[in-house]
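Novice: Residue numbers (this note's numbering), protein chains in the order written: chain A, 1 to 77; chain B, 1 to 219; chain C, 1 to 222; chain D, 1 to 245.
Treat the hints loosely; a few may be bogus.
Said to hold, decoys possible - Within a straight-line C-alpha distance of at most 35 angstroms, the following computed DSBU-like cross-link-like pairs (lysine-lysine) qualify: (1) B:25 - D:10; (2) B:47 - B:25; (3) B:96 - C:50; (4) C:158 - A:45; (5) A:45 - D:243; (6) C:70 - B:25.
As the list claims (entries may be wrong) - Here are some, though not all, of the chain D residues that point toward chain A, as calculated from beta-carbon distances under 10 angstroms: (7) 56; (8) 111; (9) 121.
Source of the hints: derived by calculation from the structure; they are not laboratory data. Ideal Cβ placement from N, Cα and C applies to all residues, glycine included.
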Amino acid sequence: MQFASLSEFFSMGGYGFFVWLAFGVSFAVLIGLYWLGRWQSKKIKAGVLTELARIERIKAARKARQNKSIDQGEVTQ
Amino acid sequence: MVYCSPTSLIVGTILLTAENLSCIKQDRLLFSQLNFSVSAGNGLYIKGENGAGKTSLLRILTGLSQPAEGSVLWQQKDITSDFEEYATNLVYLGHKLGLNGNLSAIDNLVFWNTVNSIDDTTDLYELLSLLGLAGLEDMPVNRLSAGQQRRVSLARLWLKPAALWILDEPFNALDVQAVELLIDKIKSHITGGGSLVITSHLDMVTRLNCDVLHMEYNI
Amino acid sequence: MIRVLNAIVKREFKLAFSGSFDFALPLLFGVMVISLFPLGVSPGPEMLQKIGAGVIWVSAILASLLGLEKLFREDFRDGSLEQLRLSGQPFAVILLVKVVVHWLITVGPILILSPLFALFLNLTPLMFEALFLTLLLGTPMLSLVGAIAVALTLSLEKGGILLALLMLPLFIPLLIFATSAVNNAQLQLNYNGQLGIIAAMLMLAIALTPWSISFAVKVSQN
Amino acid sequence: MWKWLHPYAKTERAHQLAGTLFPWFALPGLILFTLGTVWGLVFAPADYQQGDAFRIIYIHVPSALLSMSVYASMAICGFIGLVWQIRTCYMAIAAIAPVGAVLTFIALWTGATWGKPMWGTWWVWDARLTSELILLFLYFGIMALYASFEDKLQAGKAVSVMAMVGVINLPIIHYSVEWWNTLHQGATISKFEKPSMAPEMLWPLLINLLGLALLSGALVLQRLRNEIVMRELRRPWVINMLKEQ
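Bound conformation, chain A alone (with noise of 0.2 angstroms):
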């Protein structure tokens, strides 16, 4: 143990300061970055359900397409 007092380990011989706005503002960035990933996965989870509506839609329009094609008497593939 390098310091006697609490007090002490704070101002870190004077240098507190700055030995702890590099230690604070590190620390934050790494846990910003882990949290950004976080967020970043729960809007994915919340895209892939208008994806798949927007699949459902396009499969939707095709039918109908289909249907109407048939109707005219037309030969689709």
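Once you have looked at the hints, place chains B, C and D on chain A.
Specialist: Same frame as chain A, but now just chains B, C and D:
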């Protein structure tokens, strides 16, 4: 460099083979497990709605794009093994015409002839007047209309004795006369033992007696 | 092959000098950047001599960046690059020739006018000699390495600033060695070491870039 | 059917693997990093010249070392991806680049906060800070390039090429900047150089290096999982997996 001129091929030999082609664009599977072959004296008409991947397929066949899976064979050899050799047997007309707008039709074609190592035996003026461009030969290409520009690019079909033509919507912007001219040219190419892969939204192609490949919009 | 390369060279020159002054724009840009410095920093001859090498080199880098943006772009847009790739000729060689010709057309004038820059910034004859040699050996490397980034961004609409972000960090070693060569010349010291390093970097670029450029173009065409 | 499913199976496997590995990186990383930091801040002796400001070294040097090697790992991914046509490698580059950029930023930030008490100014064109700054630009370039492409497969190939060009240049940049620095300001550099370190100072540094490396690995794995899911959104396995959750 040896040219595979269309006439030297026996009608019916398989020239171009697509093996298990699949293509992914923007994380969407456009098509998968596509198998077909095109033989000498035969054509393939690729049909399908917008976004079905016709252009992507054509670009894969030319070797400009890589398929996500599968391979393209030219006379049973993978085109990537000797791409230069494959390219000498190919004429590709895509959406982009490959003409520099600041150069004249003649300059563009002469340059194209040179890089393709084609000896100038064809009279370019005669060819361009056949294509309905008489008097426009030395005008910068970007002063021509869209249809006229496309005609200039079509001249390549007359210039390069290639066995395989890959044409992406060649009838775009062409007037009736030019369409007829092109159809005649394609017909004579096929009867001469050449082969063809073509896309078009016009039904003209049904007159060509091609095989048809129908591509669906894949979700 | 010689005929093909000849045709490509001719076409590039014809396009560059037919009516448009595009080929001179990088040069003009460089001259203007250089003439901003005396106004912005100080017109004192000693000060100018001190910063001269750096200023000229930074301007040369920015000017060649501006010029490089046009390399391949037109040919990519109108499809000529596709046709060249399908011409049955070795693609990497064709592209290398295009880069070299482009360098001659856009950077050549900068080299020719470099005495003027030296005059503007009060460089001594010895310094000018060093400057010219570093420009002669260094700018081809700029073009070769830059061409990779240009080729990668061909299919993107907003090429410009992205191109700067990609390329400028790569040019820092060149800037360091080139300016230090000129500064050595100012002190009448030997600068063969710096020149040697620049030449080595150029050799490395010549050996590695043609393949990379053609691969990058293929990625863009995909 | 199976044959074209094969490449997607690969990303599925990569996704699973990343999920399994994540706790093995995250937990030891967290423990080691905490241990090293506490050791460095509380128990390690202060430098006789720089006093307690010296303790910034316990985050500055690991992040600076890692920022460079992470770039190299990105280039290796690019090389593997291009040679063997593995899409997962391109995704890995996209996952690695932001982590590397953050490490570079930490190295720069801690360098600046260390420099202020030592040199009396936040920024000095010192060799290490300058190369870190250039490295940050390189990372930004990779990230911007990747983001610019609509087609992410194309983007992956492009950033692979760029990462390889960058990694060839990185040593040249590094040594040229160091050389330039000795040329211009030989005096200040000695202050910032690692003093010959006593073992009780070195141990926490090494532990922190390992801890931060594992943590970066965990962050990369997390981002890789996201990237795979984002890119394979239409695959049945992704849809099923997301529906289950």
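Novice: Please name the hints from earlier in the document that this structure breaks, with their numbers sorted from lowest to highest.
Specialist: 3 and 9
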